[in-house]
Amino acid sequence: MEKFQKLTGIAAPMPLVNIDTDMIIPKVFLKSIQRTGFGKNLFDEMRYNRDGSEIPDFVLNKPQYRNAEILVAGDNFGCGSSREHAPWAIADFGIKCVVSTSFADIFFSNCFKNGILPIVLPQEQVDLLMADAERGENARMTVDLEAQEITTSDGEVIKFDVDAFKKQCLLEGLDDIGQTLQKQAAVQSYEGKMAQERPWV
Amino acid sequence: MSPKTLYDKIWDAHVAHEAEDGTCLLYIDRHLVHEVTSPQAFEGLRLAGRTVHAPDKTIAVPDHNVPTTEGRNDPAQMTAESRIQVEALDKNAREFGVHYYPVSDVRQGIVHIVGPEQGWTLPGMTVVCGDSHTATHGAFGALAHGIGTSEVEHVLATQTLIQKKSLNMKVEITGKLKPGVTAKDITLAVIGETGTGGGTGYVIEYCGEAIRDLSMEGRMTVCNMAIEGGARAGLIAPDETTYAYVNGRPHAPKGAQWEAALNWWKTLFTDEGAHFDKVVTLRGEDIQPVVTWGTSPEDVLPITGVVPHPEDFKGGKIEAARRAIEYMGLTPGQKLTDIEIDTVFIGSCTNGRIEDLRAVAEVVKGKKIKDGMRAMIVPGSGLVRAQAEEEGLAEIFEQAGFEWRLAGCSMCLAMNPDQLSEGERCAATSNRNFEGRQGYKGRTHLVSPAMAAAAALTGKLTDIRELM
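These protein sequence lines map, in sequence, to chains A and B. Residues 0 to 200 in numbering that gives the first Met the number 0 are what the first sequence spells out, letter by letter. Residues 0 to 467 in numbering that gives the first Met the number 0 are what the second sequence spells out, letter by letter.
It is possible that some hints are incorrect.
Simulated coverage check for chain A against chain B, where a stretch passes if three residues somewhere in it have a Cβ under 8 angstroms from a Cβ of chain B [said to hold, decoys possible]:
id: 1; stretch: 7 to 19
id: 2; stretch: 23 to 31
Calculated cross-link-like contacts (lysine-lysine; reagent style BS3-like; alpha-carbon spacing at most 30 angstroms) [stated by the list, open to error]:
id: 3; chain 1: A; residue 1: Lys30; chain 2: B; residue 2: Lys56
id: 4; chain 1: A; residue 1: Lys182; chain 2: B; residue 2: Lys364
id: 5; chain 1: B; residue 1: Lys369; chain 2: B; residue 2: Lys440
id: 6; chain 1: B; residue 1: Lys253; chain 2: B; residue 2: Lys277
id: 7; chain 1: A; residue 1: Lys182; chain 2: B; residue 2: Lys369
id: 8; chain 1: A; residue 1: Lys165; chain 2: B; residue 2: Lys369
id: 9; chain 1: A; residue 1: Lys192; chain 2: B; residue 2: Lys3
id: 10; chain 1: B; residue 1: Lys163; chain 2: A; residue 2: Lys158
Hints in this document: simulated from the structure, not taken from any laboratory. Every residue gets a Cβ at the ideal spot worked out from N, C-alpha and C, and that includes glycine.
Using the sequences and the hints, build the whole thing.
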């Protein structure tokens, strides 16, 4: 997995609440058996007309946000389906960090598996970052995972929380499966015990 | 020992390893797999030279993008991309030696209907699948939730998930339901109350008299939509109804093992005085037949209501409601029963079981659907379909003018050819009314099977109580 350590980039504002995974990547694009190539269809129905032309008003089509690497979004971002194609599309577009007041659980954990940092902040701080993001390409924010800080374009510093284990995995780009396989002995001993206690499973 | 909730008990029984910071390896008893969210996971195993840790606990079935029309064994019926995914599942299931129900098998169907039907899902288990509606299996008192594809790969390789424990939430539905009110109305009414983010970070336990009174089919409908309220999982404590459903299923324990299992299952309830971090209580008598008006499952109103004004809401929801009303082509103040529909979809892991089809048959028996209406019934599995045919339901449906399909997810998420066209408006028994969910610019109103049947007859969203 790609590491996430420190990022300075343009933030795109998407204040809409309840942005669901069907909006992030509509199901017509779920038919690939690869993990890559979803970025061009990120937010497809909001981003393109039916004929494939761009909808100019959509935030990521505006010149100042085409290279955004951070998304500041409304409440409950990523609700709905468990499709990991959603974070794959976000990462493939080049966005590495999403800030909101809340995320849907499955989407939230899917982000960490793909080198994306989802950050939960209180409403007033999201509002502040949203306003900063509205200023476009001149407003670059810095997200420092090690220090757990976001620095706005005005130099204001906002602290954020992150699970210690997940933080370590992102900082080092660790592979979950490799780590779990190191604990194989514990799993085998559990399986041995269960074969006695609950053999019907 | 301090009193525990049902969730606490199942969680504790599955922790294979706990780190100092509380990060656990949770052992997974059943892993369900379908064709859309698994190919990249199997490919990951292959690239790393890994195997499936417990193939006997892994069950695969194609459902999301299989056609539901006759003759579908002919690959020409699928789009090239769908065929690639179904063929990949065929290949992966064989190569890794997991249990498999191919399209040609009468037991094939929606993964969340097949699991319980075959007795794979049992009380007290942990069940996962790369699909958010895995919550369905919570109806058995199993801890069941959706996972992403990286986690699918993790479970395939290790039979565990890296997890931290969620909080406990209790949703109690007291008393009795009124006539015309169903499990679907309960689960939608709860989401209407809590919002789609209200359950985020929680595992819900549904309890109360109205929940106890539900059949297993109804309980599955309730738990299925826990995820629409943001909760990863919904649970209902097992009882005699559960045991009666499970007993005799192909993969349920038999003989002495059944007795041993039953003894353990009977300990699976929330202890008196156990702590819940959040409690929501609804009176069963107050729940009415409901319908969604917008593009989020929280946009729920009794069928007697009117389309709201965006200004009725607060904060970010004002803009979301404005967008939803425009997308749905509605006018604030319009009566919900004045909304005309052109399509009816009955099926999905929410409402594609035999009881749902019986409810539809009861409404449409001897009647005809409205002229010009496109109405399809998609049973949740080949066995549900066979049973409906045996009970004479299929005949009732066909005489009324419904299309009677083969099993699959179908128009719930419209990955197969069953889709809405731009501007079409559908009364659907499925679980999501998101923009574009049933087809580009398609409009979805979520309802119970009986309400969908009523709408097919009248051509409008209809209060089922007026047809009773």
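Taken at face value, is the distance from the CA of B:Lys364 to the CA of A:Lys182 at most 30 angstroms? Status violated; Cα separation ~59 angstroms.
Three-residue Cβ test at 8 angstroms for the coverage of the stretch 23 to 31 of chain A by chain B: Coverage by chain B holds for the stretch 23 to 31 of chain A (6 residues, Cβ < 8 angstroms).
Mind checking the alpha carbons of B:Lys163 and A:Lys158 for me, to see if they're no more than 30 angstroms apart? 23 angstroms, holds
For a C-alpha distance cap of 30 angstroms, please report whether B:Lys369 and B:Lys440 respect it. 23 angstroms, holds
Take the C-alpha atoms of B:Lys253 and B:Lys277, compute the straight-line distance between them, and say whether it is at most 30 angstroms. 38 angstroms, violated
Would the hint linking A:Lys182 and B:Lys369 be met if the CA-CA limit is 30 angstroms? Measuring from Cα to Cα gives roughly 61 angstroms; hence the hint is violated.
Pair hint A:Lys30 and B:Lys56, alpha-carbon separation not exceeding 30 angstroms: Roughly 26 angstroms between the alpha carbons, so the hint for A:Lys30 and B:Lys56 holds.
Are 3 or more residues of the stretch 7 to 19 of chain A near chain B, judged by a Cβ distance of less than 8 angstroms? holds (count 5)
Would you check the hint for A:Lys192 and B:Lys3, treating anything up to 30 angstroms between C-alpha atoms as holding? 22 angstroms, holds
Checking one constraint from the list: CA of A:Lys165 to CA of B:Lys369, max 30 angstroms. Satisfied? The given pair, whose Cα atoms are some 55 angstroms apart, is violated under the 30 angstroms limit.
Hints 4, 6, 7 and 8, counting from the list given before, are not met by this structure.
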